[in-house]
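Chains A and B supply the protein sequences, listed in that same order.
In terms of the numbering used here, the first sequence is numbered consecutively and its last residue is 339.
In terms of the numbering used here, the second sequence is numbered consecutively and its last residue is 339.
Just so you know, these hints were derived from the structure itself, not from any lab.
Any given hint could turn out to be false.
Identical copies look the same in the list; a pair holds intra-copy or inter-copy alike.
Said to hold, decoys possible - Under the rule of at most 30 Å between Cα atoms (straight-line distance), these lysine-lysine pairs were calculated in the DSS-like manner: (1) Lys195 - Lys(-7); (2) Lys129 - Lys8; (3) Lys92 - Lys322; (4) Lys8 - Lys(-7); (5) Lys8 - Lys26; (6) Lys8 - Lys173; (7) Lys173 - Lys129; (8) Lys130 - Lys322; (9) Lys129 - Lys26; (10) Lys(-7) - Lys130; (11) Lys129 - Lys195; (12) Lys92 - Lys(-7).
Number of protein chains: 2
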Amino acid sequence: MKSTINDVAARAGVSIKTVSRVINNEPSVRPATRKKVMDAVEELHYQPNLAARNLAGTRSYTIALIYDNPNAYYVIDMQNGILEACKARGYELLIHPSNSKSSTVNDELRALVEHSKVAGVVLTPPFSETQSVIEEVKKLGLDYVRIVSSGAAEGDEDNCIQVDDTAAAYDITRHLIEHGHKRIGFLCGGEEHVSTHGRLEGYKEALQQAGITIDPELIVAGEYSFDSGVNGAKHLLEQDNPPTAIFASNDEMAAGALFAARLMHIEIPQQLSIVGFEDSPFSRQTWPKLTTAHQPNNEIAKCAAALVLNKARSKSAAESAAANKDAGILKKFVPELLVRDSTGDSPN
Amino acid sequence: MKSTINDVAARAGVSIKTVSRVINNEPSVRPATRKKVMDAVEELHYQPNLAARNLAGTRSYTIALIYDNPNAYYVIDMQNGILEACKARGYELLIHPSNSKSSTVNDELRALVEHSKVAGVVLTPPFSETQSVIEEVKKLGLDYVRIVSSGAAEGDEDNCIQVDDTAAAYDITRHLIEHGHKRIGFLCGGEEHVSTHGRLEGYKEALQQAGITIDPELIVAGEYSFDSGVNGAKHLLEQDNPPTAIFASNDEMAAGALFAARLMHIEIPQQLSIVGFEDSPFSRQTWPKLTTAHQPNNEIAKCAAALVLNKARSKSAAESAAANKDAGILKKFVPELLVRDSTGDSPN
DNA sequence: TGCCATATTGACAGCGTTGTCATTTAATAA
DNA sequence: TTATTAAATGACAACGCTGTCAATATGGCA
């Protein structure tokens, strides 16, 4: 039933090494030979055995996705995007949720390499933005791609997929300003995420450019969770001079803000506008539907995976750069404003 | 840095085969020897190489989770639960999202076995309840566990983790009846899920037992999605004699119903009670928070994984049954009623 | 035609385990 | 004791592939 490289070699009348060359796209195989082998592969439905490859080769055929788990939708999008890329190239994906607070990530990373022989990793925030993690990954000689907020790419652009939070946050804030809002509250995400700072930055820029003074009272700490959205919004709305709009750092917090508003019998968007960020499915499942910024997580994941895979299978940096160009991999994304029903004109 | 079985053997002064015996918990090793080996393992931080194990052994050390992807929270819960069990025993998890409509699952299953040498699979609905899939899995000689709605366990109880949807749905309906509701709408989930029928069953039982006639007008088809919740609820609420309560087959549909109610300016729970099912995180993130039935997905996943793992590592059925007993694996779960803010007394 | 350089192919040794089977050791019976 | 048997251990060949390096074609050129 299941055929091995030996079967293919026999059928094609060549040595197993030649078959190996063909399936790995190595040079120095005559076109005629290559064809013979490919035909045999086809006929036998041959698929290289991953365990054997991993064991024999220096490079491995599995990559890992490292993530903390704040948002199920985000994680699923990432997984699916990466899985697609992996499947296309015969790689395997190991998912590795970890806790960013208890910092055993480095040990886990090491175990991943030694134990499972992982070729590369895709790092998502906040790990992708944590210096010690990045260093460990480098030390382990792992190919990696970091999905980061633009600010965190530093001199490591080659290994980053950037999301321009600042630009997107600017657009969102602009949208509110254009609707006459002058007092706009801002609910921060977790401190450890660079995106938090990037989004705040965009918010401030838009305000400044519109000549609106930034009121620190309107900026409240939080951590990308529903509950922190509830609390943050309450805090804002109980002020003497409450904002007419709230910019929540992600959809989950926005849903929390919505919840708080409802508790206080505030009408959305008539009395208060609320915006989120990310366009996660449940921004469409609130009432009213959330105005947000669409972050194409699935696309981002696919690019990230393609990037590591290119690195992993190329010998030189130049070679992988060339492969990237061919594949049309995008390395910078700007989430796009998506106006739905939770925003409207300022009541004042 | 990374140590192999040879290093351990050398250190312990035994042959590699003996080390193998110890790490695989095989019999016929003298306690003293076992200890020597274990110490060496400890000291060298030895971890068996998975690729080698998979290649050499008849049994493999990776299991797969097969799922369709309706609900991100559900999937993540499953993954994490299984991952925990896997980690504890040195197994690896391969996630495999698939599409239940396009029925290539069987081919994918076969590929999984041949290509990656998967030892066992955890099947979630609807795959776990699809006859052809189950047969293929059996034919492939795979160890498997099916997470199913009680009705679907048939004569295969040994390989099933059952969720008693009927009992839970009964409780939920009872709760509504106790609040004076007599006209209770029911939003069905997808036809292909056995849970849909189980939940409907429980609803009917409770009604009948309370002497309330079942009105087919109040039962509407759907498919476990937000949108179908919106549409189903609209359909119910636009009737001449609309229900005073709606039982949605899952939280997502309940959120949809909430959305529809809001559109129609209906107050929850004053004018209408709404219940969901599953207790997914966002049943806590709606306003008002949803009354629902708590389904311990993470726990269920852990049990499921423990079950396959026991099967995979045991030679005989008896042996694995014994292991199960030891581990205290639960094989039947009844989701528990969780009363929150979306239900109240009937307005009539 | 003959020779050299280069392109193509193959033989063979691992990779780190487990499985099989032979060997040694301990335990029991005589 | 010694013979007999069972338990404990080890030697060695797989597993299916890749890497290394040697062997063989092939083509170009004198």
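Checked hints:
Proximity of Lys195 and Lys(-7) under a CA criterion of 30 Å is satisfied in neither setting, with 61 Å inside one chain copy and 50 Å between copies. In this assembly of identical chains, the alpha carbons of Lys129 and Lys8 never lie at most 30 Å apart, being 32 Å within a copy and 35 Å across copies at closest. In this assembly of identical chains, Lys92 and Lys322 lie within 30 Å of each other by CA distance solely inside one copy; the values are 28 Å within and 34 Å between copies. In this homomeric assembly, Lys8 and Lys(-7) come within 30 Å of each other (Cα to Cα) both inside a single copy, at 19 Å, and across copies, at 29 Å.
Within a single copy, Lys8 and Lys26 get their C-alpha atoms as close as 15 Å, which meets the 30 Å cut-off; across copies the closest is 43 Å, which misses it. In this assembly of identical chains, the alpha carbons of Lys8 and Lys173 never lie at most 30 Å apart, being 70 Å within a copy and 75 Å across copies at closest. Taking identical chains as interchangeable, the C-alpha atoms of Lys173 and Lys129 are never at most 30 Å apart, the minima being 46 Å within one chain and 65 Å between chains. Taking the shortest Cα distances, Lys130 and Lys322 sit within 30 Å of each other inside one copy (24 Å), while across copies they are farther apart (45 Å).
Taking CA atoms no more than 30 Å apart as the test, Lys129 paired with Lys26 passes in neither setting, with 39 Å inside one copy and 37 Å between copies. Within a single copy, Lys(-7) and Lys130 get their C-alpha atoms only as close as 39 Å, which misses the 30 Å cut-off; across copies the closest is 14 Å, which meets it. In the homo-oligomer, the alpha carbons of Lys129 and Lys195 never lie at most 30 Å apart, since the shortest distance is 35 Å inside one protomer and 60 Å across protomers. For the homomeric pair Lys92 and Lys(-7), the shortest alpha-carbon distance between copies (27 Å) is at most 30 Å, but the shortest distance inside one copy (45 Å) is not.
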